[in-house]
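Protein chains: 6
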Amino acid sequence: MATVKLLSDDELSSEVRAVFDDIRKVRQSDFINNFWRALAHDPKTLRRTWDSLKEVMAPGALDPKVKEMLYVAVSVAHGCSYCIHSHTASARAKGMTAAEYGELLAIVGMAAETNRLVTALGVPVDAAFLVDSAD
Amino acid sequence: MATVKLLSDDELSSEVRAVFDDIRKVRQSDFINNFWRALAHDPKTLRRTWDSLKEVMAPGALDPKVKEMLYVAVSVAHGCSYCIHSHTASARAKGMTAAEYGELLAIVGMAAETNRLVTALGVPVDAAFLVDSAD
Amino acid sequence: MATVKLLSDDELSSEVRAVFDDIRKVRQSDFINNFWRALAHDPKTLRRTWDSLKEVMAPGALDPKVKEMLYVAVSVAHGCSYCIHSHTASARAKGMTAAEYGELLAIVGMAAETNRLVTALGVPVDAAFLVDSAD
Amino acid sequence: MATVKLLSDDELSSEVRAVFDDIRKVRQSDFINNFWRALAHDPKTLRRTWDSLKEVMAPGALDPKVKEMLYVAVSVAHGCSYCIHSHTASARAKGMTAAEYGELLAIVGMAAETNRLVTALGVPVDAAFLVDSAD
Amino acid sequence: MATVKLLSDDELSSEVRAVFDDIRKVRQSDFINNFWRALAHDPKTLRRTWDSLKEVMAPGALDPKVKEMLYVAVSVAHGCSYCIHSHTASARAKGMTAAEYGELLAIVGMAAETNRLVTALGVPVDAAFLVDSAD
Amino acid sequence: MATVKLLSDDELSSEVRAVFDDIRKVRQSDFINNFWRALAHDPKTLRRTWDSLKEVMAPGALDPKVKEMLYVAVSVAHGCSYCIHSHTASARAKGMTAAEYGELLAIVGMAAETNRLVTALGVPVDAAFLVDSAD
Numbered sequence: 001m002a003t004v005k006l007l008s009d010d011e012l013s014s015e016v017r018a019v020f021d022d023i024r025k026v027r028q029s030d031f032i033n034n035f036w037r038a039l040a041h042d043p044k045t046l047r048r049t050w051d052s053l054k055e056v057m058a059p060g061a062l063d064p065k066v067k068e069m070l071y072v073a074v075s076v077a078h079g080c081s082y083c084i085h086s087h088t089a090s091a092r093a094k095g096m097t098a099a100e101y102g103e104l105l106a107i108v109g110m111a112a113e114t115n116r117l118v119t120a121l122g123v124p125v126d127a128a129f130l131v132d133s134a135d
Numbered sequence: 001m002a003t004v005k006l007l008s009d010d011e012l013s014s015e016v017r018a019v020f021d022d023i024r025k026v027r028q029s030d031f032i033n034n035f036w037r038a039l040a041h042d043p044k045t046l047r048r049t050w051d052s053l054k055e056v057m058a059p060g061a062l063d064p065k066v067k068e069m070l071y072v073a074v075s076v077a078h079g080c081s082y083c084i085h086s087h088t089a090s091a092r093a094k095g096m097t098a099a100e101y102g103e104l105l106a107i108v109g110m111a112a113e114t115n116r117l118v119t120a121l122g123v124p125v126d127a128a129f130l131v132d133s134a135d
Numbered sequence: 001m002a003t004v005k006l007l008s009d010d011e012l013s014s015e016v017r018a019v020f021d022d023i024r025k026v027r028q029s030d031f032i033n034n035f036w037r038a039l040a041h042d043p044k045t046l047r048r049t050w051d052s053l054k055e056v057m058a059p060g061a062l063d064p065k066v067k068e069m070l071y072v073a074v075s076v077a078h079g080c081s082y083c084i085h086s087h088t089a090s091a092r093a094k095g096m097t098a099a100e101y102g103e104l105l106a107i108v109g110m111a112a113e114t115n116r117l118v119t120a121l122g123v124p125v126d127a128a129f130l131v132d133s134a135d
Numbered sequence: 001m002a003t004v005k006l007l008s009d010d011e012l013s014s015e016v017r018a019v020f021d022d023i024r025k026v027r028q029s030d031f032i033n034n035f036w037r038a039l040a041h042d043p044k045t046l047r048r049t050w051d052s053l054k055e056v057m058a059p060g061a062l063d064p065k066v067k068e069m070l071y072v073a074v075s076v077a078h079g080c081s082y083c084i085h086s087h088t089a090s091a092r093a094k095g096m097t098a099a100e101y102g103e104l105l106a107i108v109g110m111a112a113e114t115n116r117l118v119t120a121l122g123v124p125v126d127a128a129f130l131v132d133s134a135d
Numbered sequence: 001m002a003t004v005k006l007l008s009d010d011e012l013s014s015e016v017r018a019v020f021d022d023i024r025k026v027r028q029s030d031f032i033n034n035f036w037r038a039l040a041h042d043p044k045t046l047r048r049t050w051d052s053l054k055e056v057m058a059p060g061a062l063d064p065k066v067k068e069m070l071y072v073a074v075s076v077a078h079g080c081s082y083c084i085h086s087h088t089a090s091a092r093a094k095g096m097t098a099a100e101y102g103e104l105l106a107i108v109g110m111a112a113e114t115n116r117l118v119t120a121l122g123v124p125v126d127a128a129f130l131v132d133s134a135d
Numbered sequence: 001m002a003t004v005k006l007l008s009d010d011e012l013s014s015e016v017r018a019v020f021d022d023i024r025k026v027r028q029s030d031f032i033n034n035f036w037r038a039l040a041h042d043p044k045t046l047r048r049t050w051d052s053l054k055e056v057m058a059p060g061a062l063d064p065k066v067k068e069m070l071y072v073a074v075s076v077a078h079g080c081s082y083c084i085h086s087h088t089a090s091a092r093a094k095g096m097t098a099a100e101y102g103e104l105l106a107i108v109g110m111a112a113e114t115n116r117l118v119t120a121l122g123v124p125v126d127a128a129f130l131v132d133s134a135d
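Quick mapping for you: the protein sequence lines, in order, are chains A, B, C, D, E and F. Per full-length UniProt numbering, the first sequence starts with residue 1, numbered consecutively. Per full-length UniProt numbering, the second sequence starts with residue 1, numbered consecutively. Per full-length UniProt numbering, the third sequence starts with residue 1, numbered consecutively. Per full-length UniProt numbering, the fourth sequence starts with residue 1, numbered consecutively. Per full-length UniProt numbering, the fifth sequence starts with residue 1, numbered consecutively. Per full-length UniProt numbering, the sixth sequence starts with residue 1, numbered consecutively.
Just so you know, the hints here were simulated from the structure itself, not pulled from any lab data. Treat the hints with caution; some may be incorrect.
It does not matter which identical chain is meant; a pair holds if it fits inside one copy or across any two.
Pairs of lysine-lysine, DSS-like flavour, derived with a Cα cap of 30 Å [to be verified]:
no., residue 1, residue 2
1, Lys5, Lys44
2, Lys94, Lys25
3, Lys25, Lys65
4, Lys54, Lys94
None of these values were measured; they are calculated from a predicted model.
Build the full structure now, drawing on both the sequences and the hints.
Below, the structure written as structure tokens:
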């Protein structure tokens, strides 16, 4: 499937090639995954998305492995199979152990369950959880 | 709002009281938040949900703070305002800094964006991300 | 909130009044809930939506109470607070007991949990579940 | 796809084997579907999930067929293809007729439509639907 | 996959055949896509869905191409791969250019990102956005 | 509610002030809505989000009004009440008529309905909708 053709290395505009070069450099790998090959039809969105992702996933206060796990959690709740596969692979590459993965899955499932119970019951937020009330 | 009345401490069955006692003991706090007061109409679901949550969020391979942050990430993607408020408060109580919270938000937003781009484009999963292909 | 003004009975076009009359007749109640008062700005969508709902929720193979419970289940998963409140009220009016409501909630929560676990794990559908394979 | 290898019967730990034995006993069938074979990497989550599912789907106030139909409804709204296929098969096995299935589909679609209309319009919940106001 | 068999032209009831004839006439094409062949098991839902779709997508105030693009946007957010493929094809058939498609994708991704940031932060609606305040 | 305090004009860092100045200049209005006042706790995410939004919503191939309507459509499907209110207001400010708004709502509802029907039925994508098959 796919609503656009995935572009191969010899079908790229110079703008796209520059982004691919940067992806390869930052990731220290020659591999360009399909997401970027699909986005390559629109150099502006490709550039903006890559620059944003690079900034967001850069080393910071959180462990890079944890960042990938958060990415997986969101991707599961949004039902994005591609993203789940790619970020689970990344989390593993950055050191996620089988035990950590098991806990991630357990939390994702548990959160889904209580999210829906809370929503079904229409539970009002406790004053204690409000930022203003904590002032 | 709420589709059921929130039960106060003097309206509880003995089964529910036992669960509330355990929540207070495990959390070392007298505070019982509204979710449990709404679930208290059904002692069986209350018991099962609390036992599961206790198991899932218990100390393990992941930092308790990270567990709460994963819970927040899922809750945002599911649009559960109550859960977002309660687990953001818990993450802060367990040490989440403003910088870490900022990174959490940035990842949640970024993942949402790429999740939807990937879905819109129908990008096929790269062989490199498949578990079998890694064998 | 609301992105449009809710129309009161003395602000209705004759087309809208005719739909409201039918709602009152079918439901045997004078009460018109806010959803219809918001939709009333667009007589065509109001008419089509009411006619469809009337057909879908009419007596049929399933118990009317079960129909409302299915409506609640979907509304929870879509996070529609208004719909949850209105269809939970309807399910109760049609005889849903506290025990049945408890089971509905438990199933909604459990389904959410396993839905997300399955999605996270990317579990392939068993051949036994495919219609063709059952031929 | 799948982010983990599905475990076959000769790759199971004794803890997992015990859960599989119980699944076979409760379901009175030798067939273990892929979901459990994927979860089998984490005996604790496997055990908790199976125990919870067994409790939630056990005979109770609601017809077992209706329980499966509620499970399908939630799974559709969450976009879990695997779950839709497995619980549609279960609902049929428990007696769901073609007419009942048709009504289920019609309700799921209709609820999705009105859920989104209500959300788009930001319709405020009528006082009549609030539990407190009914006191 | 599919939970029902797709019906071929020689398996149709006369009611279904009449709907298919109308689809062919309105679309001026002999092609009936799989969605209708799956819905064909339930003539009533098939008829109601086609009549509604015909009314909603008929020429009106909005450009037919824009209508298809709005359909794609919703389908992406709901994660319906089939609908994304079919309505992206329709939008192209109705004149959507590559530049317009690029902007559609960028907006869908951007909206997803800010939707989740807003939800995570629990931002209260500004009075200026409320319809009442504009009176 | 809100998980952070909304920052007023006299609580801003110089980095944030610079972004707010740009928002005011681009929008030719002194009004800064709550979303930016919540994001203001993290100047980097504020800057990146504003720069991206400015690029995505800038005049291009699509009518600015249509861009806002696409934004509303996605926000409804994601259940973001704030975003629905703010972008519905923007679409109106950019010329969306009542008739166009009515069609937008009808499409959003209709798409939701067919999205879920398709998902429930597991309809396979027709070859005719695949990009490759069109080559």
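Hints, verified against the model:
For the identical chains of this complex, lysine 5 and lysine 44 are intra-copy neighbours only, at 17 Å inside a copy versus 34 Å across copies, given an alpha-carbon limit of 30 Å. Taking CA atoms no more than 30 Å apart as the test, lysine 94 paired with lysine 25 passes inside one copy only; the shortest distance there is 17 Å, against 37 Å between copies. In this assembly of identical chains, the alpha carbons of lysine 25 and lysine 65 lie at most 30 Å apart only when taken from the same copy (20 Å versus 33 Å across copies). Taking the shortest Cα distances, lysine 54 and lysine 94 sit within 30 Å of each other both inside one copy (16 Å) and across copies (28 Å).
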